[in-house]
Each structure stands twice: as C-alpha cells, then as structure tokens.
Amino acid sequence: MSTRNETGPEAVQQYLRADEPRGWMLLVNPFRRIEGLRALLLGLLVVADTVLVAVYGGIAYDGVADLHVPPHPLPPSFLALLPVTAWLIAAAVLGLAGWLFSRSRQRVVDYLGMVAVARFPMALLGVLLLPSLLGRYLEPINRLLEQNPPDLLQRLLHPPGLAALALLSLISVILVLWTAALTYFALLEASGMSKGRALVVFLGAALVAEVLSKLALIPLALALGLG
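Here our numbering is used: the first residue of the sequence shown is 25, the next is one more, and so on.
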C-alpha cells in the first residue's frame, strides 16, 4: 500500500474544500461559492429589490450602512438612486483598497457582485421598515418631529409601540452587523488578503465609503434638480 503524500491537483482541491465555509458560516461568507458573474447577477437582484423597497416604502438608503424613513416624502427618483449610489461607492472603495493593499490577481466583477450580495441584509431591513410592517411604528415619531411640540423630548422617550420600536432597533443592529460581516468577507475573498490585513483594510475602507456616500447626497440631489 502506498504511503506517499499527495501533492498534485487533487491534494490542492481537497485542501480548498476543507477550508470552505460550512453551515452558519455561509451566512457571512458565501463568496467561495458565489463569485464572478454569478455574484453579479445575484447582486443585481439584491440592488433591484432594494430600489423597489426604497421607492415603494419611501425609505432613504442615505449611506453605505445607513437608512432612514424620512418624515417628509422624497422624490422617487432620488430614493431609487440612493441604494445604487451606496453600492457603487462601496464597491469602488473596497476595490481600490484591494488593489492598493493586495498583490493577488483581482477582478472588478467580484467586487461589484460580492458587495451587492453583501447588501442583502440592508434590503431585508428596508422590507421590515415598510409601512405595512414595522414601519408603521415609526409614523407617530415622524409626526412628533414634524409638529415639534414643547414636550418633544419627553414624548419621544415614551412613544407609542415602545416594545415594537425596541425590537426594531435590535433587528436593525443585527442586520447592519450582518451587512458588515458579509462586506468584510467580500473584501477578503475578492482581494486575496490575509484575514488580519483584510480586517484592518475593511475598517478603514468602510469609514471612507460611508463618508463618501454621505457627501454624494448633495451632488446627487443637484443632478436631479432638487437643490
């Protein structure tokens, strides 16, 4: 019986399969199985769903990791462009960071697709914020902000549906953290960096992307004639 070590292509494939995420880890790192054009197609579905949710629900995705239900209705064209802008900025910043800090071969399609897929939890959060779901508990708060009564602060501390609002806040935090984890692994897999370096680069890139997405609101509004 042979006892030699396998060092050929089969051994490499076995090693890669052993290192693949399994079970619950697929929820934060599906990108060993979803990459390239497949990731881009799935990601475009996520972005399209986010746009529909934004327009139908009046939800403003005014940041890479941020969204609000504004007290006053915003133009549908503006709401539709916000999630697209956030996605493209995040993909561009992470792609640039990967190019600067990794020597591995990288593809633009991976960054575009994986970052779009990573925004699935934000799309899900938007669905939960629809007026027919948990979003209805935000309407009394928006009315209070619009009326601006003298006892505004006291009334905000005891809003109607406080338990539902607390649950919504908890869900929001979980989904934002899920988005962050997915985006980190998108950078890790697309760039080929080590985990430690990818984490440091991700933290810096995420901050830059969030700031740029906020700064983009003004020229975006001006381009639509809303300034």
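Don't read these hints as lab results, they were simulated from the structure.
Since we're looking at a predicted model, the values are computed, not measured.
Just so it is clear, CB atoms sit at the ideal spot from N, CA and C, and this is done for glycine as well.
Misleading hints may appear alongside valid ones.
What the hints assert, rightly or not - What follows is a list of derived Cβ distance ranges for each label pair:
| # | residue 1 | residue 2 | range |
| --- | --- | --- | --- |
| 1 | L50 | V200 | 18 to 28 Å |
| 2 | G47 | P99 | 42 to 52 Å |
| 3 | A187 | S128 | 33 to 43 Å |
| 4 | P94 | A190 | 37 to 47 Å |
Hint check:
A C-beta distance of roughly 20 Å is found between L50 and V200, which places it inside the suggested range of 18 to 28 Å. Checked against the hint of 42 to 52 Å, the C-beta distance between G47 and P99 comes to roughly 44 Å, which is consistent with it. Checked against the hint of 33 to 43 Å, the C-beta distance between A187 and S128 comes to roughly 48 Å, which is inconsistent with it. Look at P94 against A190: about 22 Å separates their beta carbons, and that is not inside 37 to 47 Å.
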